[in-house]
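Could you build the full structure based on these sequences and the hints that come with them?
First to last, the sequence lines map onto chains A and B.
If you read the first sequence in the UniProt record's numbering, its first letter stands for residue 1, the second for the next number, and so on.
If you read the second sequence in the UniProt record's numbering, its first letter stands for residue 1, the second for the next number, and so on.
Quick caveat, the hints were computed from the structure, so don't treat them as lab data.
From a predicted model like this one, the values you see are computed outputs, not experimental measurements.
One should not assume that every hint holds.
Which chain B residues face chain A? A few, computed with CB under 10 Å, are given here [to be verified]:
id, residue
1, Cys-114
2, Gly-115
3, Leu-156
4, Ser-171
We treat Cβ as the ideally placed atom computed from N, Cα and C, and that holds for glycine.
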Amino acid sequence: MMLERGDIGGYIPAPDDDLLVCRCEEISQGEIRRAIHDGLFTLTELRRFLRTGMGLCQGQTCGRLVKAIVAKELGVSPAELEPITARSPVRPVEMRVLARNQEQKNG
Amino acid sequence: MVNKTADVLIIGGGIVGCAAAYYLVKGGCSVIVLEKEETIGSGGSSRNGGGVRQSGRDPRELPLAMHGIKNIWPTLSAELDCDVEYCQKGNLRLGQTEAQLRILESLTQKAVACGLEVRMISGDEARQINPYLSEAVLGASWCPTDGHANPLAATLAFYRQARRLGAVFISGEAAQEIRQSKGQARTVTAAHGVYEGGTIIVAAGLGSRPLLNTVGLDVPLQPALLETLVTEAVAEMFPQMLGTAAADFYGHQSARHGSFIFGITSGYEFCARPGFPRSSAAAASAACRSILAYFPSLADVKIIRSWAGWMDDCADHVPVISFAAEVPGLLMACGFSGHGFGISPAVGELLSEMVIAGRPSLDLTELRHDRFVMK
Chain A
1 MMLERGDIGG YIPAPDDDLL VCRCEEISQG EIRRAIHDGL FTLTELRRFL
51 RTGMGLCQGQ TCGRLVKAIV AKELGVSPAE LEPITARSPV RPVEMRVLAR
101 NQEQKNG
Chain B
1 MVNKTADVLI IGGGIVGCAA AYYLVKGGCS VIVLEKEETI GSGGSSRNGG
51 GVRQSGRDPR ELPLAMHGIK NIWPTLSAEL DCDVEYCQKG NLRLGQTEAQ
101 LRILESLTQK AVACGLEVRM ISGDEARQIN PYLSEAVLGA SWCPTDGHAN
151 PLAATLAFYR QARRLGAVFI SGEAAQEIRQ SKGQARTVTA AHGVYEGGTI
201 IVAAGLGSRP LLNTVGLDVP LQPALLETLV TEAVAEMFPQ MLGTAAADFY
251 GHQSARHGSF IFGITSGYEF CARPGFPRSS AAAASAACRS ILAYFPSLAD
301 VKIIRSWAGW MDDCADHVPV ISFAAEVPGL LMACGFSGHG FGISPAVGEL
351 LSEMVIAGRP SLDLTELRHD RFVMK
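Structure, rendered in structure tokens:
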């Protein structure tokens, strides 16, 4: 989708802006709203800039919440937002476990 | 149909395009940036290991790295009003065999000849600098003025600051053709509109090649796969940027966050599947084996994410940063070959000088687009 990235108006603080949205990385609703009004318009830009959804749970908890906040601030439906890319592994894996793949295959 | 005009039209909203936009608007130019993906910095700018290095670089691009580290990186966070996590605590390039030490010695001698402070150290000296290194490390090269930063933050910080100063960014808008008027590059047709610029800068990564082809120019670029692993955040262990003579991994621990980011290889990158860049389980496992041989104490640290990206690998592995003699009004900056992030602020500044002053303050002769001579 084409984004012209014009001014959407300044950030206006809300009473619940100190609510933690991404619990893994401790990012508040206010930080997310402020970034959107400073031109970070896509879910991918927000997670790269603020680390929302980049912690241990990889956004499995906050993904929908961040999406709802972005949709509300931009005045669009959440369904119109391009989803973020899911990254492997699905669960955190110790480096010593990943390192053993050949050993197991060779018996 | 969009129809917009600016002093400078930049194709490519990666860190080079965003940095050029920032320095140009700061210098008084009006700027439009077109990015083909919806998200700013979708290519190599968000898919690299964050090295801000001078050591190990080709002498042709080393002056750009040294200039940036001396004059731009130390104050970049303040300038962009964003913590780009710049950490200048040195680069260790590690060797485990005598043959690898000879590779490091050769690289070190070349860099010293260019005036860089870098030297060979023993395994024990390396372990004094980084006590987590295993006994397998026989020696290393050590460049104390190298470091690392966060490429995701830096790219978006350049974008945000350029936009605050009035640069116009349009994303999801794929440039298709450069057109000339009266012997001068003048307009770009894109999917949703036509854009006009007094100067046109092509900084579109791998997309630069087909675009330059539309005005009869060619730069020999090929995609090369890059894969990375990211760990959970752990307490601070060591601040150095790491590389190896074997090129089996590189990486660092994030200065502010505590996660490790490791660039990895499986040895099969040359036949990677084309299309969307994909992580492979094989490379993750191979890299973990390599990394643990250097850093056994990382065995219980968890990998939480992996990603892949395409590098715009140039035929001789250094970028093209150049005017196009045949097409006045056209500038190009592409082919960064997997080591563009560290020099990107300097490249942005040089591009702004080329537009505003008509020439760069550093000699870029060896990075010209017409340097490729056939056999």
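Here is what the structure says about each hint:
With its C-beta approaching chain A no nearer than about 34 Å, B/Cys-114 sits outside the 10 Å limit, and its interface hint is violated. The interface hint given for B/Gly-115 is violated, since its Cβ lies 35 Å from the closest Cβ of chain A, which is over the 10 Å cut-off. Of the supplied interface hints, the one on B/Leu-156 holds, with its beta-carbon coming within about 5 Å of a beta-carbon of chain A, less than 10 Å. Below 10 Å, beta-carbon pairs count as interface contacts, and B/Ser-171 has one with chain A at about 5 Å; its hint therefore holds.
Taken one by one, the earlier hints fail for this structure at numbers 1, 2, listed in ascending order.
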